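With the hints as constraints, model all of the structure from the sequences given.
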Amino acid sequence: MWKLLENIGLGLFVNALYSVFTSNINIAVIVTMSASVVIMSVSIYFQRR
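Heads up, the sequence shown is in this note's numbering, so the first residue is 3 and it goes up one at a time.
Worth flagging that the hints you see were computed from the coordinates, not collected in a lab. Predicted model only: the values in this text are computed from it and were never measured. Don't take each hint at face value.
[Claimed, not checked] With beta-carbon atoms standing in for the labels, derived distance ranges: (1) V22 <-> S43: 17 to 25 angstroms; (2) V33 <-> N9: 15 to 23 angstroms; (3) L19 <-> I46: 15 to 23 angstroms; (4) I27 <-> W4: 29 to 37 angstroms.
Heads up, the beta-carbon is just placed ideally off N, CA and C, and yes, glycines get one too.
Structure representation (structure tokens):
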């Protein structure tokens with residue numbers, strides 16, 4: 003389950019990063035990127051705990 007959450011977070015991060023690279027920066031992209039980092043961090047923490 004944690005690996006699935008990590009992959010979902012990575013997918014969200016890649017989508018948000020694509021928006022940043024295409025100069026489409028708005029609050030939704032920043033929130034999505036921040037949420038994806040939090041999701042990946044939590045899943046990696048619980049995998050290694």
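Structure-based check of all given hints:
no., hint, result
1, V22 <-> S43: 17 to 25 angstroms, "19 angstroms, holds"
2, V33 <-> N9: 15 to 23 angstroms, "20 angstroms, holds"
3, L19 <-> I46: 15 to 23 angstroms, "18 angstroms, holds"
4, I27 <-> W4: 29 to 37 angstroms, "30 angstroms, holds"
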